[in-house]
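K.L.:
As they're listed, the protein sequences go chains A and H.
Under the UniProt record's numbering, the first residue of the first sequence is numbered 1, with each subsequent residue one higher.
Under the UniProt record's numbering, the first residue of the second sequence is numbered 1, with each subsequent residue one higher.
If you're looking for bench data, these hints aren't it; they were derived computationally from the structure.
This one's a predicted model, so the numbers in the text were calculated from it and none came from an experiment.
Cβ coordinates follow ideal geometry from the N, Cα and C atoms, glycine included.
Certain hints may be false.
Covered stretches of chain H, as calculated for chain A (at least 3 residues, CB under 8 Å) [what the hints assert, rightly or not]:
1) 33–43
2) 216–224
3) 229–241
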Amino acid sequence: MNGLREGGRLASGHSVGGRPKSGLWAALRARLPRRGLVISAPYLWLGLFFLVPFLLVLKISFADSDTTIPPYTPLFSFDDDSSALQITLHLDNFLRLVSDDPIYLLSYLSSLRNAAVTTVCCLLIGYPMAYAIARARQHLRPVLLMMIVLPFWTSFLIRIYAWIGILKDNGLFNNFLIWLGVIDQPITILNTQTAVYIGMVYAYLPFMVLPLYATLEKLDVSLLEAAMDLGARPLRAFWAVTLPLSLPGIVAGSLLVFIPAVGEFIIPTLLGGADTLTISTQLWSEFFANRDWPMASAVTVVMVALLVVPLMLLQRAQGRAEAQR
Amino acid sequence: MSNGAMTSSGVIDGFVRGRWFLPTALICGLIFLYGPIATLVVYSFNESKLVTVWSGFSVKWYGELAHNEQILDAAWLSLRVAVASATGALVVGTLAGYVLSRFTSFRGRTLFAGMVSAPLVMPEIITGISMLLMFVGLEQAIGWPAGRGVLTIVIAHITFCMSFVAVIVQSRLSGMDVSVEEAAMDLGARPVQVFFLITLPLMTPALVAGWLLAFSLSLDDLVITAFVSGPGSTTLPLVIFSKVRLGLSPEINALATVIITVVSIGVFTAALYQYRKGKSLG
Numbered sequence: 001m002n003g004l005r006e007g008g009r010l011a012s013g014h015s016v017g018g019r020p021k022s023g024l025w026a027a028l029r030a031r032l033p034r035r036g037l038v039i040s041a042p043y044l045w046l047g048l049f050f051l052v053p054f055l056l057v058l059k060i061s062f063a064d065s066d067t068t069i070p071p072y073t074p075l076f077s078f079d080d081d082s083s084a085l086q087i088t089l090h091l092d093n094f095l096r097l098v099s100d101d102p103i104y105l106l107s108y109l110s111s112l113r114n115a116a117v118t119t120v121c122c123l124l125i126g127y128p129m130a131y132a133i134a135r136a137r138q139h140l141r142p143v144l145l146m147m148i149v150l151p152f153w154t155s156f157l158i159r160i161y162a163w164i165g166i167l168k169d170n171g172l173f174n175n176f177l178i179w180l181g182v183i184d185q186p187i188t189i190l191n192t193q194t195a196v197y198i199g200m201v202y203a204y205l206p207f208m209v210l211p212l213y214a215t216l217e218k219l220d221v222s223l224l225e226a227a228m229d230l231g232a233r234p235l236r237a238f239w240a241v242t243l244p245l246s247l248p249g250i251v252a253g254s255l256l257v258f259i260p261a262v263g264e265f266i267i268p269t270l271l272g273g274a275d276t277l278t279i280s281t282q283l284w285s286e287f288f289a290n291r292d293w294p295m296a297s298a299v300t301v302v303m304v305a306l307l308v309v310p311l312m313l314l315q316r317a318q319g320r321a322e323a324q325r
Numbered sequence: 001m002s003n004g005a006m007t008s009s010g011v012i013d014g015f016v017r018g019r020w021f022l023p024t025a026l027i028c029g030l031i032f033l034y035g036p037i038a039t040l041v042v043y044s045f046n047e048s049k050l051v052t053v054w055s056g057f058s059v060k061w062y063g064e065l066a067h068n069e070q071i072l073d074a075a076w077l078s079l080r081v082a083v084a085s086a087t088g089a090l091v092v093g094t095l096a097g098y099v100l101s102r103f104t105s106f107r108g109r110t111l112f113a114g115m116v117s118a119p120l121v122m123p124e125i126i127t128g129i130s131m132l133l134m135f136v137g138l139e140q141a142i143g144w145p146a147g148r149g150v151l152t153i154v155i156a157h158i159t160f161c162m163s164f165v166a167v168i169v170q171s172r173l174s175g176m177d178v179s180v181e182e183a184a185m186d187l188g189a190r191p192v193q194v195f196f197l198i199t200l201p202l203m204t205p206a207l208v209a210g211w212l213l214a215f216s217l218s219l220d221d222l223v224i225t226a227f228v229s230g231p232g233s234t235t236l237p238l239v240i241f242s243k244v245r246l247g248l249s250p251e252i253n254a255l256a257t258v259i260i261t262v263v264s265i266g267v268f269t270a271a272l273y274q275y276r277k278g279k280s281l282g
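Build out the structure end to end from the sequences listed, making use of the hints.
P.N.:
This is the structure:
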């Protein structure tokens with residue numbers, strides 16, 4: 001019976017239209033296989049190239065490292081003597097993550113800290129920007145929004161590369177400060193944690209501004225007026241009305257920044273220094289330098305596990321935004 | 001603000017426009033966003049080999065760029081990969097977006113919606129590793145794909161780009177009036193006809209935007225490509241990345257300027273097209 005409703009919104013409008021029931025059924029029956037086809041094509045693609053790969057990572061994270069290529073042992077083996085399927089789960093990879101080598105734990109922690117600092121900074125910089133756009137004159141808003149989105153279209157790699165020239169010891173920023181007379185010796189920023197923060201905030205700022213703008217733009221202005229009529233000063237009105245009402249945008253923007261920031265690879269590699277530990281750079285070297293695929297898979301699995309909660313929160317936030325529309 | 005006679009919108013406008021903070025914050029933010037890009041463009045015309053020391057105007061780095069076989073080959077490969085990926089992503093992504101907006105309930109919809117939106121935020125390195133492991137596994141199991149190269153890059157790019165196309169298509173479709181489609185159905189059009197004659201043309205702006213976004217994402221991708229590319233398939237970002245790691249090079253500044261110019265023209269054209277389209281539809 002579910003099939004009837006599933007026939008799509010299009011069919012529902014017609015069933016009442018005085019058409020004979022048999023005709024509807026025929027139409028439905030004719031449509032169902034095609035509908036199945038329409039659904040299954042993208043479904044299969046995503047299943048094969050997105051879901052299966054994840055399961056494979058999960059599987060290989062339980063395998064043991066091997067020197068052959070691909071460098072891991074099979075998980076399932078067929079025991080000839082007892083003709084039984086053997087499943088060999090190696091938990092070593094996960095144990096190594098928490099035990100002898102603190103480098104993994106440190107990497108996870110510093111990745112989370114990176115992402116958290118980036119999110120907070122993006123919020124502090126992005127909120128006034130989004131608010132300014134939402135309160136700009138009507139015809140200016142699309143132009144300003146376009147200006148926020150435009151950098152997103154140019155190469156990420158090249159935008160990060162630009163910061164090397166700005167932040168290095170004899171770079172633009174240091175030259176500028178020396179010219180101003182603020183400092184007389186160049187300060188080292190490139191290849192430090194600070195450079196990573198700057199690059200991250202720079203790259204992820206649009207992800208914060210857009211959802212914030214979306215909620216701030218919809219904000220009911222009369223509520224603010226009411227607050228002011230009741231004698232609230234602008235700052236208090238903002239604190240008591242605007243901020244709470246824009247909470248959905250804050251949550252969505254923060255998640256959109258936080259989640260990819262945890263796994264950021266390019267920025268710490270290009271702007272960070274030897275002391276910049278992140279889980280992605282760790283993963284990269286585990287995979288390409290050490291060629292320890294099971295270990296890399298285990299690191300990946302834990303990273304996904306760390307992101308499950310924010311990912312679910314994001315899906316809920318987006319579902320709620322959809323329902324409001 | 002104490003002026004009680006102000007109109008309702010006047011109060012808010014006064015609240016904002018009378019203050020310097022918001023406009024200043026916006027302008028500073030935009031300078032922050034555009035400053036680095038502007039410096040790249042300016043310094044691409046620098047005579048000196050030292051990237052950060054200005055010694056005079058010159059276009060010689062563009063000349064050097066035009067003779068750099070490695071960069072040109074990589075750029076050509078990247079363009080072909082991006083065209084193929086964007087086109088593939090457009091087909092699969094449009095289907096996915098259509099399914100998400102028109103089929104409101106079917107078995108496994110939650111999983112489907114999750115799989116569509118996950119690549120939007122999932123760290124690229126995770127997608128890259130899992131893709132590579134899957135290709136290796138497939139090759140072992142059925143002998144396809146034999147090795148990694150353009151094909152595996154395109155498959156990987158289609159997979160993460162289709163999500164962006166799907167989101168754009170879905171939002172366009174859910175904002176669209178279904179009554180036109182219903183009218184066509186009432187007039188006896190079959191669902192496939194309705195889709196191709198009504199729905200698809202109405203979606204065109206979304207499709208153009210989706211293709212362009214997929215194109216630029218594919219052109220730009222480094223991390224996923226690094227995992228799924230083979231020895232003979234070095235795309236432009238991979239070349240840039242290895243060069244940048246060795247230090248600054250004025251050639252890269254010139255290349256960056258070329259890319260920025262091309263992208264700006266593309267985005268501008270798309271915006272103009274969408275603006276005209278919006279106008280003609282009233």
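K.L.:
Hint numbers the structure violates, sorted upward?
P.N.:
Going through the list in order, the structure violates no hint and respects every one.
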